[in-house]
Structures are given as C-alpha cells and as structure tokens.
Amino acid sequence: MIRARGLVQTFHTKQGREKTEVQAVDGVDLDIAEGEVVGFLGPNGAGKTTTLRMLTTLLKPTAGTATVAGYDVVTQSKEVRRSIGYVSQAGSTFSIARAGDEVMDHGMLYGLSKAVVEKRGQELFEQFDLEGLWTRMPKSMSGGQKRRLDIVMGLIHEPNLVFLDEPTTGLDPQARANLWQHIAGLRTDRGATVFLTTHYLDEADSLSDRIIVIDKGRIVASDTSDNLKAQVSGDLVDLEVTDAGRIAAAAERLGSIADGVEVDGHHVRGRVQRAGKVIPALMRDLDQQAIGLDSIEVIRPTLDDVFLTLTGRSLRDAEAATEQPAPEGAPK
Amino acid sequence: MTFLRECTIVYNRQLRMNLRNPAWVIIGMLQPVLYLLLFGPLLKPLIGQFGASNAYTFFVPGMLVQLGVFGAFFAGFSLIGEWREGVIEAERVTPASRTALLLGRLMRDLLQLFVQALILVGLGYAMGMHAGFRGVVVGIVLTLLIGGACAAASNALALTTKSEDVMAPVINMVMMPVLLLSGILLPMTIGPDWLRRASDFMPIRWVVDAVRSAFGGQFDGSDMFWGTSWAVVLFGLALWWGTATFRRENS
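Sequence order for the protein chains is A and B. Quick note: the first sequence, position 137, residue 137 per our numbering, numbers continuous. Quick note: the second sequence, position 135, residue 467 per our numbering, numbers continuous.
Calculated directly from the structure, the hints in this document are not laboratory data. Predicted model, so just to flag it, every value in this text is computed and none were measured. Among the hints, erroneous ones may be present.
[Stated by the list, open to error] Here are the simulated DSS-like cross-link-like pairs (lysine-lysine), alpha carbons at most 25 Å apart as the crow flies:
#1 A:139 with A:19
#2 A:60 with A:78
#3 B:494 with A:139
#4 A:14 with A:60
#5 A:14 with B:494
#6 B:494 with A:60
#7 A:19 with B:494
#8 A:114 with A:60
#9 A:119 with A:139
#10 A:78 with A:19
#11 A:216 with A:14
#12 A:277 with A:60
[As the list claims (entries may be wrong)] Label-pair ranges, simulated between beta-carbon atoms:
#13 A:14 with B:352: 38 to 48 Å
#14 B:384 with A:111: 30 to 40 Å
#15 B:500 with A:206: 21 to 31 Å
#16 A:143 with B:511: 22 to 32 Å
#17 B:353 with A:114: 18 to 28 Å
#18 A:12 with B:384: 53 to 63 Å
#19 B:385 with A:16: 37 to 47 Å
#20 B:473 with A:111: 50 to 60 Å
#21 A:12 with B:551: 50 to 60 Å
Heads up, the beta-carbon is just placed ideally off N, CA and C, and yes, glycines get one too.
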C-alpha cells in the first residue's frame, strides 16, 4: 500500500545571516501492506509529519521515491490524493462554518454528488457519535467531537488508506480512549490501512500492528510492539517471598531462568525473556520447592525502554531536546 | 467542467461563510461610504479648481478604486484563519485543482466588491452624482479588475507569510503611497510638478483617471487606454502570482 525508498526532505532555514540546511527526513524506506495499522513513532521534530506530508503529496521529496496506493507521489499526485484520507493535526474544518456544510463541500471536491456526500456524511456522523451535530459549528464542539469530525472529513470519499497525524494530541484521557476505539474500527469495520504518527507511546502500543520508530529523520526500528520490547533486556519478574528463610532458595530458582537476579528484603527480582511463557513453569518449580509467595508481578518494558535502547536516550528526553524546526509550511 | 465545478464549490463555501458573518463586508464598505458622506461635501466648493463641475462625479470613481484596492487587499486575512485551522491543507489533499481553490475565493471577493460598488454608486447618485450608465459599467469593470488583482495578491501574500502580524504592516506600507499618489482623494493635477511626475509611476493613478474618464463619458482618451492597460496587466500578474502560490508544493 505504501512503498518508499530513500525519501529525503531538506529544509533551508535562516538564523540571522547564517543559512543552515536541515535534513528533516534522511533516507527513509517504508513498506506497508494492505490492511496494516502502522504507528509511526518518534519525538517532536523526528521527521514524522514531514514524512507523512511527502506521502500525502503536500510536500515534494527532495530526493527518493514513494508510491502510495500504487501511484507515484510526484508524478501521479492527483491519483494519490483521490485514494487516501488525510487527517491533519491542525484540523480540517473552519470553526465558524457548520460541520455538515464542511463535510458536504469537502466530499464534493472529490467529485462526489451532493446526494451521495450527504448520505455518507450522515452515516459517518452516526458511526462517529456525532448525531445531531450536523448544523453545529466546530467552535462549539468538544475537542473529541472536533477530532472525530476531522476523521469523518478524511473518510467521506471512502479511502482504503488513511493517514492520521497525531490524532489524539491535546485530548483528555476519556476523549483519547474513545477516539482509539474509532481508529481501531477503521481497520476492523472498513478494512482500511492506517498510517498514524504519534509521540504517545501508549497510543502506538495499543493501536498498531507494527511500530516504525523514527529519530533524527532516520528509521531506527520497525517491528511489532512485542518484538521491539523483546529486544530490550526482557520483562522484570518481581517475587515477594512469604518466608524469609526461603528467599535464597527463591533467588536460586529464579536465577535458573533469569538474568541479573537481586534481592531486596522479601522481594526477589530478575529479568526474563517473554515472561508470559516462562512464568507457569517457574510457578510449578516454586511450588515443588515449597517456596510460598505473597505476590508475583511482571513488569513489561515500555516503548520508551525500546527507544532508549535504540537511540541511547529516552523518548521524553528526546522530545525535550528537540532542536529541529517545524517543517516549513506546516500548520503549527 | 470539473474545474468549473471545483471553483463553484469553493465559491459557494466562501459565500456561505460571508453571509453568516457579514461584519467584514459591512466594515469594508463603511470606509468609502464615510469618505463620501464626510469628505465629499468638503470638495463641493473646491471642485471648480480641479477642472470638474460635479464633486461626486469626480469623487465616486476615486472611492470605487479605493474600495477595490483597500477592501480586496484584506481578503488574505480570512485565508490565514482558514490555513491556521487546517482548512487549506485539507483542501489541498483532495484531488481538486489548486488553482480552483484560489479562483473560487477570488469569485467570492469579486462578487462582494461588485455589490459594494453598486451600493457606492447608488449612494453617489443619491448625493447628486451625474454619470451615464455606460460610464458606470466601465468604471465598475475596471474596479473589479483592480480589486481582483489586489485580492489575488493578498491571498498570495497571506499564503506566503501565513501571519497577520506580517501581513498588516506590509499592506500598510504598500497602501499609504497608493492612497497618496493615486489621486483618489484629490487630483494629482493640482500638485507640484515633481509630485505629478511621481504619480505617473503609480499604476493605480492611471486606473483612477480611467474610471473618472468613464464616469465623465470619455472612453477614447489616453487616460482610458493606460488605466485599462494597467488594470488588465496588474490583474494578470496578480492572478499568476496567486495561482503559483496555491500550486506551490509547500504552501
């Protein structure tokens, strides 16, 4: 569905009299299959939005090639635009226009008839919990409603491929959770391929089949969330031993399957690969050795740990230290 | 056919928003009307010195061009608002022609200018202006050409700067010499020689002179030729700039 080779985007910025060249995207390769939900994860300024703007024909690549839905983004840009839905982080509706009018006009720009757009629009309003808001202005909608309206705008021409740029930025936790359900539904209900950029770890984790990590304009990893996490030192297993006299025995049993075992009071901790697979055997082993436990806890690595392993810095630190300017022309 | 349909969709959307919030249309109209009501009477005793006989036949053409230039130059402000809310990007990611996205907006600006021009001319008649129908039609067409040029330039400037804070001083900087050197308020002929010569380099002055000639019933003089030529050239240039800006990949 998406294939990119060596995508490059260079911006020229001016600071005082000095002109500098910023390589916002530096040789990105992508292969995204039909029906996949891919999370494009990276800190602010990593090159996520710039890559997405190149794939959606809003920005011409400085170098490299890309085909989206089978069409070249430079030479067949109109065909690409006809095939994709795009939900920008800046929104897509004017705050003082009526929501329904915005959807109608947007749909008609795809060459659809008024009747078809109205029918589809009403259906989408229902599916995205926007019933009764057809004549409402976006300025009097909640943040969550506005984002759902943006998604409706992006789906009005029934695209098979949907690009979502930071879809939940600025939403409260409840609105985010609600929007996640709708985003998940894009694939399950519509069979759409979804490419979403995010700097939220939990968002990429919960929505994506595959996560592509980008940092400083380069792809640093591309795999499922589980596989990426497995690349980190493993899951942390924390056993709370009931009998103080059995702590050493518990540490020895855990040590047979875990690395870096350490004891802290009644707690025995160690790292194992794929805890879900080894825990049942460990429990049986402890039971046979008559080692009683008050609790057992498995702490899985986060995508932040993955980012730290891949780049040497945490995602949050990377965000704080972001130095790259926003791409020229991108809505702030 | 598709292109025309796309222009119409954009035009209808813009018109709907204008009708919903007509404040700016009224504010834009207010300035020339106030000039007509409060400055026009001051010209009455002086009009003989300008080589004219009717103050309003002299003054309304200047106000028409002012309306065309000043009113249209503010068109870009609403575009920045739309850009900030992601509307322009959402439109640019549809298969619609990017030229249509500009032309649809320009059609709205021209309709708005046309209605304002009719009101201004009507008011001029009510205050004692003498002008033939043909002259008024030619005058309004020239106003629409120069207004269209300014609206296109304003949209291009808006999409280039993307900031009201930059747009406002730029417009101010351009407008002040236009107002002073184009003879909108007083004819340049009463000024010293150097000022007259300076105004020769101001294209809008030629347009003002041409509209005045048309209102005075003269359609074949050099004023008409140069005014029409400048209006057409400026319209063409601004349209090319605006279209190029909308079509540019990174707008």
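Quick rundown of the hints versus the structure:
| no. | hint | result |
| --- | --- | --- |
| 1 | A:139 with A:19 | violated (40 Å) |
| 2 | A:60 with A:78 | holds (13 Å) |
| 3 | B:494 with A:139 | holds (21 Å) |
| 4 | A:14 with A:60 | holds (21 Å) |
| 5 | A:14 with B:494 | holds (17 Å) |
| 6 | B:494 with A:60 | holds (20 Å) |
| 7 | A:19 with B:494 | holds (21 Å) |
| 8 | A:114 with A:60 | violated (32 Å) |
| 9 | A:119 with A:139 | holds (24 Å) |
| 10 | A:78 with A:19 | violated (34 Å) |
| 11 | A:216 with A:14 | holds (20 Å) |
| 12 | A:277 with A:60 | violated (47 Å) |
| 13 | A:14 with B:352: 38 to 48 Å | holds (40 Å) |
| 14 | B:384 with A:111: 30 to 40 Å | violated (54 Å) |
| 15 | B:500 with A:206: 21 to 31 Å | violated (45 Å) |
| 16 | A:143 with B:511: 22 to 32 Å | violated (44 Å) |
| 17 | B:353 with A:114: 18 to 28 Å | holds (24 Å) |
| 18 | A:12 with B:384: 53 to 63 Å | holds (54 Å) |
| 19 | B:385 with A:16: 37 to 47 Å | violated (59 Å) |
| 20 | B:473 with A:111: 50 to 60 Å | violated (33 Å) |
| 21 | A:12 with B:551: 50 to 60 Å | holds (51 Å) |
Of the numbered hints given earlier, the model fails hints 1, 8, 10, 12, 14, 15, 16, 19 and 20; all others are met.
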